[in-house]
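As given, the protein sequences belong to chains A and B, one line each in that order. For the first sequence, the numbering used here begins at 181 and goes up steadily by one. For the second sequence, the numbering used here begins at 181 and goes up steadily by one.
It is worth saying that the hints were derived from the structure and are not from the lab. Treat the hints with care, as some may be off.
Derived DEER-like restraints, expressed as beta-carbon distance ranges [claimed, not checked]:
#, chain 1, residue 1, chain 2, residue 2, range
1, A, 379, B, 379, 44 to 52 Å
2, B, 336, A, 186, 38 to 46 Å
3, A, 271, B, 378, 42 to 50 Å
4, B, 200, A, 438, 19 to 27 Å
When the alpha-carbon atoms are kept at most 35 Å apart in a straight line, the in silico DSBU-like pairs for lysine-lysine are as follows [as the list claims (entries may be wrong)]:
#, chain 1, residue 1, chain 2, residue 2
5, B, 337, B, 190
6, A, 299, B, 217
7, A, 206, B, 206
Predicted, not measured: the structure shown is a model, and the values here were computed from it. Note that CB positions come from ideal geometry on N, CA and C, so glycine has one too.
2 protein chains.
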Amino acid sequence: MNNYIELIDKKLDEFMPICYPQKIFKSMKYTVTLPGKRLRPIMCLETCRMFGGNIEDAIPTACAIEMLHAQTLIHDDMPCMDNDMYRRGKLTNHMVFGEANALLAGDALLTFAPQIILKNSKNLGAEKLVKIMEEYFERAGAYGVIAGQVVDIESEKFEVTEDDEQLPEILDYIHTHKTADLFKLALRTGAIIADATDEQLEEITEFGQAMGVAFQIADDILDVTSTFEEMGKTLGKDKEAGKLTYVNLYGLEKSKKDLNELLDKCFDILKRNNLQSEIFEQILNKIRIS
Amino acid sequence: MNNYIELIDKKLDEFMPICYPQKIFKSMKYTVTLPGKRLRPIMCLETCRMFGGNIEDAIPTACAIEMLHAQTLIHDDMPCMDNDMYRRGKLTNHMVFGEANALLAGDALLTFAPQIILKNSKNLGAEKLVKIMEEYFERAGAYGVIAGQVVDIESEKFEVTEDDEQLPEILDYIHTHKTADLFKLALRTGAIIADATDEQLEEITEFGQAMGVAFQIADDILDVTSTFEEMGKTLGKDKEAGKLTYVNLYGLEKSKKDLNELLDKCFDILKRNNLQSEIFEQILNKIRIS
């Protein structure tokens, strides 16, 4: 795991030289290189390895996905969105570089990330590059992460009551798109680079869906049970905002139970596909909350 | 000209169905389909035709460039940027849909636009699609339009004095990237789709650079000489903000002279390359200010 993180951090640094105008490149790099778990790029590299690919081939794509993730954080934290001052224990992008710059840094990352793939993965050939681009736009955009964010914002207006039949479906939609779509992007591009079959792609997509939702449930749980020091960001805001979260809708006990069932499902998918990965086992076990 | 506009408007409408979550798709479409001159998509189609290509092949790319243009308008108008309430005579995106949604609509357009190209231009083949993607990211991102916007914002802090030797270079940088880069994107992708030679690409790039800067100088001039009714947006803000503009730096007379010289250069480029285009002649003559 640490080898992967080291490799990704080194490559992120290399892929992001500070060009003119420096302010925009500095602000893009600031959030991308905040110390983090690098979960999404690790997933991309490890999936590529698991399906017999060369992880070198997946490095630009893995790093691009981390940049895309940073983009969502920068815009999410802005005053007109979640209005967060801290992220990973550091000041958020707009607190350091100003709002206008944070807005543009996020925009720039959305085009810089796929550019990194195109510039540094020419050896994959045009056909595969087009496939990776298609995945990237489908998961990053209005049908993916952004759709999840829009419904997430809308859901703040809801009163969370247990008898509203629509809420479980809406919550599932938010988790699927806001969180699981980036996981699926990482896994599917890793698999595509390794020439996985369509069947393997389907299996890894199901894995990403379960892991993504599990990850978001864990995040919802930690929001009520953890502290600022442990998480590096302001907590308890979900409840305060009356937000539609797994914990607010189902309570803490059922949330933990469902979380662990989803993780079991992930282990099952690995097993039934004869996929061995200590890395994914570690990640899944870290998400588990007992 | 009107045939082109009709075609583009029809295709923009087709390419943008209102999917779930409706709010984001409605807000994306709102700004994209505001009545406009459709200059950039027309340039893309006309360049493709001029170099012997089939304009049908360029329609998705032309429409994507209009979407990208709309994205820059949405984010530019936001309170943390130019804080504009009107655009093309209508309320700006955030005034209608709220700031959070406008932020996300802009983000969504940045990925939706290249997605439209990939989904609807499969007949161009993967090699050409990769080339178009490369052009798109290079001109739209941190090396292109966004670089221009960042320096533009920075320039608001400058005191515009005639003896500052750096200012002409900075202003040229802003105009080159903030405005001419999108023109060059439209022209170059049109040419690439028509299989133009490298030499032809260079010539059309020079044309786009001259036309883009001319267009921006004209915009700077109209900001001080025109009215809200004529332009559909709040004017005189550049002077108020002490902004670095062509008129503030060189005065009205020299601005008009340089504008018309750039337009003459554009006509020369068409002539020396034996390119005949009533459309480009009309566009250039419309930019001219006597």
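Here's how the hints hold up against the structure:
no.: 1; hint: 379(A) x 379(B): 44 to 52 Å; in the structure: holds (48 Å)
no.: 2; hint: 336(B) x 186(A): 38 to 46 Å; in the structure: holds (41 Å)
no.: 3; hint: 271(A) x 378(B): 42 to 50 Å; in the structure: holds (47 Å)
no.: 4; hint: 200(B) x 438(A): 19 to 27 Å; in the structure: holds (25 Å)
no.: 5; hint: 337(B) x 190(B); in the structure: violated (42 Å)
no.: 6; hint: 299(A) x 217(B); in the structure: holds (34 Å)
no.: 7; hint: 206(A) x 206(B); in the structure: holds (34 Å)
The structure is inconsistent with hint 5 alone, although it conforms to all the rest.
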